[in-house]
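Whole structure, please, built from the sequences with the hints as guidance.
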Amino acid sequence: MADKIKITIIGGGVGGYPAAIKAARMGADVTLIEQNFLGGTCLNWGCIPTKSLLHAGEVVQTMKESKTFGISCKGYSVDFKAVVKRKDTVVKQLRQGVEGLLKAKKIRVVQGTAEFVDASTVQIKDTGEKIKSDKILITSGSRPGTLKFKGSDGSDVLNSDQVLALKVLPKSVVIIGGGVIGVEFAQIFHRLGAKVTILELLETLVPGTDKEIAQSLEQSMVAEGIEVITGAGVKEIIQKKGTNKVLYTAADQEKSVSGEKVILSVGRKPDISSLKVDNVGLVHENGAIVVNDRMETNVPGIYAAGDVIGGIMLAHVATMEGECAVSNALGKESIISYKAIPSCIYTDPEVASVGLTEEEAKENYDIEVGRFPFYACGKALVINRTHGMIKIITEKEFDEVIGVHIIGPRATDLIAEAVLGMTMEMTVEELAHAVHPHPTLSESMMESALSLYGGAIHMP
Amino acid sequence: MPVEIVMPKLGLTMTEGQILEWKIKEGEEVKKDDVLFILETEKVTYEVEAPEDGILAKIVSQNNETVPVGTIVCYLAREGEDLSDLDIALPPAEQEETIAREDQTTPPVLDQVAQTGDRIKASPLAKKVAKAYTLDLFTVSGTGPGGRILRADVEAAHEQKKSSVVKSEVQPVSAAEDRLVPFTGMRRAIASKMLASKVETAQTYMSVTVDATKIVEYRKSLLPVVEEKYGVRVTITDLMMKITAGAIKEHPVINTRWTEKGILYLGDVHMGMAMALGEGLIVPVIRNINNKGFAQIAIDRNELIRKGKENKFLPDDISGSTFTLSAMGMFGIEQFTSNINLPENAILAVGAIIDKPVACNGEVVIRPMMTVTLSYDHRAIDGAEAGKFMRTLKLSMENPIQIFA
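Line by line, the protein sequences are chains A and B. Quick note on numbering: the first sequence equals residues 227 to 686 in this note's numbering. Quick note on numbering: the second sequence equals residues 71 to 475 in this note's numbering.
Hints in this document: simulated from the structure, not taken from any laboratory. Computed from a predicted structure; not experimentally measured. One thing to keep in mind: the hints can contain errors.
[As the list claims (entries may be wrong)] When the alpha-carbon atoms are kept at most 27 angstroms apart in a straight line, the in silico DSS-like pairs for lysine-lysine are as follows:
1) K128/B with K622/A
2) K198/B with K565/A
3) K622/A with K232/B
In C-alpha cells, the structure reads:
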C-alpha cells in the first residue's frame, strides 16, 4: 500500500476544519494547525455568537409582543452577563463538537502559529516544531477591518471581536458601518436595551443587497427605534469621560452623535500576517492570497481557501472552497463554482438572497420580477411577522431564475430552496409547480413564482 | 369493421419486422390469444397473438415479407361481419398513418421515446434551451453534478452542431412526425456497394487545382461546331472524360482491377459517369472512350441520360466501366471525394469551375479554377503513381490542344 498523502492545513476555522475532515475521509494523513480556537472566526467571534445574541433579542421581542397573542408577561429584565454566558455556552459546546469530530477522524491538531519555511514545510512559532507535508492548505481566515481617522484608536472604539468580549451592556452605541455586521449589532444592542445609532457612508444600509430589500430593512429598523443615518462620512471621534462624540458630515452638514461605545464594523480583511508567505514566494494582492478556480496558489502543492483569498467572505463559501482545495490536493479534480451562493442577514426581519440583485440583473438581461408579500401569507400572520416579501427575478428568454431575495421571517432558512433550484438551473415553472406545504412561510416562494407564471393565488 | 392487426413495435430501435410464418390460414377461425403469426426482427422472434376471437379474414403481408412497424399485416373479422368491402390494397399513405395510431386491439407498443425523454438527467433550463435549439438532449453529454446536463453543455453542443460540416444524424426534438421509407432494391444495392468500397479498399485521396481557362475556351469554340453538325451540346464533363481517358492511357495502373490473383491491367478505357437517377445513383458507361471524339461522347452521354430518364437501361449500358468520373459542378461544389466504384481502382471527383485570384508571373489575376480529386485504392496504386497521373491530368487540362499531339 502506498504511503498516505500528508496534508497540513493552516487554520481551523470553517475553511480549514471541514477540509481536514474531508481530507481524512479521502484517506490523507492530516495535520491541522490552529493558533487560537477551533472553529475560527465563525464559531468563536462571528456567526455563532452573534446569532446567539440576536436570538436573545428575539426573545425580548417575543415578550414585548406577547399581548398580541393573548399572553400577558409580567415584565422582564435583561441580564447581560447571563446573555453572554449563554452565548459562550453555545460556542463552547460547538467547539467541543468540532474537537470530537477531528479526533474521530484521527486528525492531528497542533496548537500554535504556523510560519512557512519552504514550499513543503511549516514551522510552529511557539514550539519550533517543523511539519513537512506533501500538500499545504492555507485557511488562515481574516481579521476585522479598520479605519484610520482621528480618534479611531480610542479605548471605547471596538471592533467586532471586542464587542463580543463586552461584559457590560453599554447604554448607548454608535455603529460606524451599516453593512451586515453593523445592522446585526445594531439590533442586538437595541433589543437588549441600548440606544443605537448607525452611521453608513452610502445611501442605503447593507450596500450590495437588492435595493428594494435594503430599503425595506432600513424601514423596519427605523420603525423599531434604531436611528439610521445614511450618507454619513465619519470625521472624528472625541473621547470624553463615559461618552464618545462621533463627528460626521451628512448632506454637507457637520453633525455629531454620542455613544458610550463606538463599534467599527467596516468589513473584514484577509489575514496572512503571521504566515511569512514571502518565504515561499506566494503571490498575494491586497493581503489576499491569489488562487485559481482549483484553489491552487502560484506555488505547486500549496492551496488556499476561505477569507484569506478574499472574494466572497462567508463561512459557507470558505467551507466549499476548502473542500475544493482538498479534492484537488488529493488528486480528484474539482472546479469551484460561485453560481448560487446565498448570503444572509440575521436581523428581524431576516434578509437572504441568492443570485443577481434586480439592479445587476437589469444590466445583463431582459428581466421580470415577481413579488409576494408576507402579509398575504397565512403562516406569517399566525406568527405576527408580516413585514417583508419574497422577490424572484427571472430572465425573459427561458424564464431562468437568476435572483431570489427575501426579507421577512425565517428568510435565511427559506432561501435554501432557491439555492437548490438555482444550482440545478431551475426555471420559474418548476418553482411555481412544486407543491409547498400549507400553512408555511415557504408557500410565499411558490406564490412569488406563480406571480410570474400564471398569477399568484393569494394576491388580487 | 374488421380488426386491423399491425406489425408491432417491440423496442425502441425496431423499425421493421419480417413475417416468418403465418400460423393461421386465411379464412380460419381464431380464438383470443391464439398465435396468428411469428415475426422476426434483427434481434428476436416473437409470436403475435389474436387480440380477440374472430376469423382471419385477409392476410396482407405474406410469409418472409418484411414490413415497417405499424403496417397492417392482416384483418381479423368478427362474427357476422361482411368481408366483401374489405379493401386490402391500401395506399402507402394510409399505411404510414397507422404507425401513429394507438389501437387497443393491437399488441402493445413496448417502449416510447417520450418516456425515455423524461428520464434524461438535465436541468430544466437546459431542457428549455435544447428545445429552442431543436437539439436532442440524448446527444449532449453533461458536466453538472452526476453528469447532469446544464445549459452550458447544451450551448456547447449547439455550437458544435452549428460548426460541424458533417450533417448530424440526430432527429430534432419537434412535433413533426417521423417517417419511415422502406428500402428500395436500388438503395440496398447502393448501400452494400458503397460500404464495400469503404471497407474493402485502402481508399486514399489526392487533389489538384487546375487552371481551366483553356478548357473553357476550348469548349466555347467546339460548342457551335458540334451543335451545328451533330445537334448536341458539348459539356465540360464531356471534355473532362476525354482528357482524363487520355491521361489514363499514359498511366495504365489507373485503369486496373484488384483480383484474387493479381492486379488486372485493362486494355480499353470504358468511362463510367456517376449519375443521379430518381432517388438513387447509377453509373452508365461510355465504351472505348479513347476512340471517340467529343461529339460522339456528347451523343453517347445524351443517349444514356435519355435511357436513364425513361428507365430503359440495358445491362451493358450500366456495367463494365474501368474508371469513373463524378462531376458536381452543377451544384457549385468546389471540391469533394468520391467512393471508388468497385471493382475499379480509382475514381475522379470533378469540382465546379470557380473564378479565383491566382498568382501568375508575379501578379494576382483572376482565373477560372477547378479542383479535381482522385480517390484511389492504395493497395494497387502507389501514391507516386497517382501523383504522376494527376500531374499528367493537370497538364492535359491546362493544354487541351495536346489531345491532337
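Outcome of the hint check:
In summary, the hint linking K128/B to K622/A is not supported, as the alpha carbons are separated by about 58 angstroms, beyond the 27 angstroms threshold. Restraint check for K198/B and K565/A: the C-alpha separation of about 19 angstroms stays at or below 27 angstroms, so the hint holds. For the proposed pair K622/A and K232/B, the alpha carbon gap of about 24 angstroms is at most 27 angstroms, so the pair holds.
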